[in-house]
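Protein sequence lines correspond, in order, to chains A and B. Every letter in the first sequence is one number past the one before it in my numbering, and letter 151, counting from 1, is 145. Every letter in the second sequence is one number past the one before it in my numbering, and letter 310, counting from 1, is 304.
You may find that some hints are simply not true.
[To be verified] As a list, the in silico DSS-like pairs of lysine-lysine whose alpha-carbon atoms are at most 25 Å apart:
#1 B:87 - A:218
#2 B:158 - B:296
#3 B:296 - A:287
#4 B:287 - A:265
#5 B:244 - A:265
#6 A:66 - A:40
#7 B:87 - A:158
#8 B:158 - B:318
#9 A:244 - B:265
#10 B:158 - A:269
#11 A:87 - B:244
#12 A:269 - B:287
#13 A:267 - B:244
#14 B:58 - A:265
#15 A:296 - B:265
[Said to hold, decoys possible] With the Cβ distance kept under 7 Å, some of the chain B side facing chain A (calculated, not the full set):
#16 157
#17 158
#18 232
#19 233
#20 234
#21 237
#22 242
#23 245
#24 247
#25 250
#26 258
#27 260
#28 263
#29 265
#30 266
If you are wondering where the hints come from, they were derived from the structure by calculation, not from laboratory data. The structure displayed is predicted, hence computed values, not measured ones. Where a beta carbon is used, it is the ideal one built from N, C-alpha and C, also for glycine.
Protein chains: 2
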Amino acid sequence: LRLKGEPFAVLDIEEIYEINPEEVATRTFGTPENNPEVVKVPFDKKHPGWVIYRSMNPIILAGKYTIINEPKLRPPFDRFWYPPRKAREEFDKRGWRTVINHQTRNVPHVGHEMLMKTAAFTGDVEPCHGILVNAIIGVKRRGDYPDEAIVEGHEMVHLAGYIKPERHMVSICLWDMRYGNPLESILHGIIRQNMGCTHHMFGRDHAAVGEYYDMYATQILWTKGIPSFGFPKPVNEVPYGLQIKPQNMKEFWYCPRCGEIAYSDCCNHAKEKQKFSGSFVRGMVAEGVFPPKVIFRPEVYKVIVKWWKKFGYPFCNEEYVKKKEEELEVDLPHMEI
Amino acid sequence: LRLKGEPFAVLDIEEIYEINPEEVATRTFGTPENNPEVVKVPFDKKHPGWVIYRSMNPIILAGKYTIINEPKLRPPFDRFWYPPRKAREEFDKRGWRTVINHQTRNVPHVGHEMLMKTAAFTGDVEPCHGILVNAIIGVKRRGDYPDEAIVEGHEMVHLAGYIKPERHMVSICLWDMRYGNPLESILHGIIRQNMGCTHHMFGRDHAAVGEYYDMYATQILWTKGIPSFGFPKPVNEVPYGLQIKPQNMKEFWYCPRCGEIAYSDCCNHAKEKQKFSGSFVRGMVAEGVFPPKVIFRPEVYKVIVKWWKKFGYPFCNEEYVKKKEEELEVDLPHMEI
C-alpha cells in the first residue's frame, strides 16, 4: 500500500470478494421501510456517507496489514496522535482507571465544556478519572471549523484550567465521517474501547447530518437496541458486545434564572432558555463579534482568531476543504522497495 | 411500646441479651490504635454519638415489631414522609429506574444544589432518573438550621425550578445522628437501599463531627474497604454486601475565572477559589445580609427568613434544641389496650 507515492504498509491478502455497494449502503444507513424505529426519511445525494458507500469499489481485499513506513503527522496534529497502545500507556501513566470519551468536530464553546465536565460524573464508585477528547480529523465541509482550531481549542480548555490538565487529554482520530448515526456509533465505540476508554458520551444527533435519523437514534441503539439493524439488545449486551459504556446526554442551554449553563433534564425554566446552537455561535464568530464569556472562554476564542488570521476566514473555506480532500496532513520518509 | 403515653407498637421478643456499652462504642466508633486507617484522634465527651453509645442500657431486647397505632407526623413534615414501600411506589409512579440519594442536614445553598445536579450524572447508561433528598430529622445542635427550613428549603429547589420537580423529591429520615462516619454510612446505605435508591452520594466528612476521622473515611470504606472495621473489601463487594452504589464526591467552590460553581477535581484555579463553607454562609445569614445569588437562590433564602420570623432566630436556639430533644413532631390517636 502506498501513500503519497511512498510505500507505508503491506497487506497480507486473505480474501478477495465482491460486494454490492448499493445493498451495503442500504443496510448500513437504513431506510424508513426497513428501519422504521430510527430512520425518518430516505437517504439521497445530499448525504455524504451514503454517496461514498454507493460509489465504493465493489472488489474488497481483506487481510492483516503491517506498517513498514510510518507516516508522520504534521504539527499541530502530531502532538495529539495517540494510537491505541500509546493511549492506554498514557492513561496508565496518569493513573486513570476510568476514562470517558468525548468525540468532537467542534471548537469547544462553554456548552461543550459543560457536557464534558458533567458527563464525567458517571464512572464507577467515583466520577471518571479522565476525559479524553477524540477529535475527528478528516474530510471537512464548508463552514466547519478548521481542524487546527478544533484540536488547539480543546487543548486550551485544560491549558486555561477550565478542566484540570491532569484530568483532560486531547487526541485525534483520522476518519472521514460517514454520518451513519447509530451504526457508525459502534465503530466509534470500538475505536475508543481500543484506546482504553471505559465510557463514551453520546449526545443528540451523534454522527448525524441533516434529518435522516431520529435525533436520539444512537442513544436508542445503546440503551434498547434496534432490532431492524440486527441489535435486539443494546450494543454492550449482545453476544461479543462492547465493554465500553454509553453515557447518553441530552441538551445544555444558558438559563438566565439559574444563571448558568443548565442541563435540559434538570432546569425547569425551558421557556427562558437561551440556546446557543452551533449555527448561532458560528454567526457571531463570522460577524467578528467577541462572544460573551458565557458562550466562549476568551482563551478558546483566541485560538479561533489565531487560525482565522492564518486561513483568512474563521471557518473552512473552499480552498481549505479542497486541500483536506487532496492531501493528508502527513509526511512519509522516502523508502526503496 | 409506648410513645407519648399511647401504645404504638408490639415487640415480639425473641432474644434478651446484655452488652458492654463501652466495648460497643469502641468497636463502632473505633480508636486510633485499632483503626489507624481512618481514626485520627481518640473519642471523647465532646462526641455526641460516642457518649450516647457508652450510656446505652446494657440490656437489649430483640425481635420483630408490629405497628398497631401509627404516629402521625405534624406539618410540614407529614408531606415529606416516605416509608420504604411508599418511596418505592412513588419512584415507580415517576418511572425512575435509577435514583441517587442526597443525605442532608442543611438548607441547600447553591453548592449543595450543584452537588445534587452533578452527582446525578452517574447512573447506568444515562444519568440517574431521580434525585432523592433524604433529610435527617432528629436531635439538633445549636447553630443547625431548623428542620422546617431544611425540608422546605430543599422543596423550594424544585418548586423554583432549579431542578425539575419530576426529577427531584424531598423526604425525611427520623434519626438522631451518631456521627459515626464510616460505619454509620452503612446504615445510611441500608436505609436508602430499602427506599429503592440505586446510588448514594457520599461527600467529605460524611456523618462527621469534629476531626476524629479522616475527612474521606466513608469514601475509603465504600471504595477500598477498611479491614480493621471488618471490611477487607468495599461495602458492596463483601458477602451479603449492599447493592446501592456509592458516588463519592469531592468539593465545590465558586471560581471567579470559570464564573461558576466549580468542582475541585475539574477546576484548576484553586488559588482563586472562593469557598463558601457552611460557617461562612451561616455568618452571613446571622448578620441579616441577603446572600448573593451565587450562594443562595433567593427563593430558598426566603424559606430561611420565613422560619426565622417564626422561631425568632435563623438557626436552632436553645429553646428549639430543647423542644426537639423532649418531643417528637408526631401525634398519636388515643388507644385503649
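Here is how each hint holds up against the structure:
no., hint, result
1, B:87 - A:218, "holds, 21 Å"
2, B:158 - B:296, "holds, 20 Å"
3, B:296 - A:287, "violated, 30 Å"
4, B:287 - A:265, "holds, 20 Å"
5, B:244 - A:265, "violated, 33 Å"
6, A:66 - A:40, "violated, 34 Å"
7, B:87 - A:158, "violated, 40 Å"
8, B:158 - B:318, "violated, 32 Å"
9, A:244 - B:265, "violated, 33 Å"
10, B:158 - A:269, "holds, 18 Å"
11, A:87 - B:244, "holds, 23 Å"
12, A:269 - B:287, "holds, 22 Å"
13, A:267 - B:244, "violated, 29 Å"
14, B:58 - A:265, "violated, 52 Å"
15, A:296 - B:265, "holds, 24 Å"
16, 157, "holds, 5 Å"
17, 158, "holds, 5 Å"
18, 232, "violated, 14 Å"
19, 233, "violated, 18 Å"
20, 234, "violated, 19 Å"
21, 237, "violated, 13 Å"
22, 242, "holds, 4 Å"
23, 245, "violated, 13 Å"
24, 247, "violated, 13 Å"
25, 250, "violated, 11 Å"
26, 258, "violated, 9 Å"
27, 260, "holds, 5 Å"
28, 263, "holds, 5 Å"
29, 265, "violated, 10 Å"
30, 266, "violated, 10 Å"
The structure shown violates the earlier hints numbered 3, 5, 6, 7, 8, 9, 13, 14, 18, 19, 20, 21, 23, 24, 25, 26, 29 and 30.
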